[in-house]
Amino acid sequence: MNILTRNLRTSALGVVLLAVLYACLVPDGGYVGGTYVTSGYEYGGWGPRYQVAPPRHGERRQDPPAPRAYRPAPPSRRSPSIPNRPHGH
Amino acid sequence: MSIRTHPAARFLSRGLGTLLAQAACVATALAAPLELPPLADPATAEHHAGKVVWLEMVTPDLAASKRFYSGLFGWTFRDIHAGKTSYAVALLGSRPVGGLHQQAEPATDRRQPAWLAFIAVRDVDAARRTALEHGAKVAVEPRTYPRRGRQAVLADPEGALFGVVASSSGDPADVLVAPGDWIWSSLHAKDPDAEAGFYQALFGYEVFDLPSTDDQEHLIVSSEDYARASVNSLHRDSSRRRPHWLHYVRVVDAANVSARAVSLGGRVLVEPHLDRQGARVAVVADPTGAPFGLMEWTDTDGEKEPK
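So the protein lines, in turn, are chains A and B. Per my numbering, residue 1 is the first one in the first sequence, and the count goes up by one each step. Per my numbering, residue 90 is the first one in the second sequence, and the count goes up by one each step.
Hints in this document: simulated from the structure, not taken from any laboratory. Virtual Cβ for every residue (Gly too), placed ideally from N, Cα, C. Among the hints, erroneous ones may be present.
Unchecked claim - Some, not all, of what chain B presents toward chain A, calculated at C-beta under 8 angstroms:
hint	residue
1	Ile-272
2	Ala-316
3	Asp-364
Isolated chain A, as found in the complex (with noise of 0.2 angstroms):
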């Protein structure tokens, strides 16, 4: 009988701290207290060719590629670029 509600104490005690480190941990990112935690990533590295900018208006584009995993736009249109509009126009 001892055995048997010591297991089961033992069994609940385990339940309860699962349920707690459920409650608690992040693992990979998750709203704490209503906020967003991001998890983070490994970064740097990067060459001299970093090129990630916008275009500007009218940048002349490669030719049609290949099948490809998006529909591309069509090859008359040229690449856009960021707002340029002034604030209270």
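Starting from the known structure of chain A, arrange chain B on it as the hints suggest.
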């Protein structure tokens, strides 16, 4: 002399403590949502699906982050408290430009503060469904915030995190932002093609392939005829790095701001250099390790016509 207690009392004592700890965690998790600022104030009828409209970061040291961004961009901060949550809205002048949330957990090799972008959608729940159909995962289920609207956080098929938000006050206007505000975003992915296809399905983007001199893919995604972000290959020697988004603040002098970032405790990850068609770009990290970009952009840049 030792005090002997009944086993049941010991169990109850331990169990009660554990339950209280659990209740505290659950109560925190279920706390009233933060009163995040509206995305457009005064409210507007404008909606710009696919536009990055808000950025948020978790920092292990809110005070240090405030000092850094205040010194670098002149941001001021308005504190919001909800339960034990410490959140500061960053302001450029009177305009909210982002949010900082304190989470006391030190950065590690596998866990690092990062800026998280929220992209405008009309319907967060519909966006969630579409994203899941195209291979995404839900990081945070949709939730409604007073004055802000409804938002969720997703991981794209390669695991890059981003948020979606349906603003209840409309979206910020499509104008050229002032120096010190967020101006651009880039996605770095193992398979830019597939990622562009995913985001096209989600936001209805047009996708433009740009000429490349480095044997890497450079795509531009746009909506309403405005470029919203670039999608780029992770470099081949970057097998240990995860696909991710990076966001850029407009600056007047990237070299000067990079140097100031270092003097404020940050570090330079990518030295200032000329990027596509003359835009000078740098990537820095704040003192907590959160990376972000700096990008020069002059008022007339967008008016240049091709030769």
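Checking each numbered hint in turn, tell me which of them this model violates, lowest number first. As far as the earlier hints go, not one is violated by this structure.
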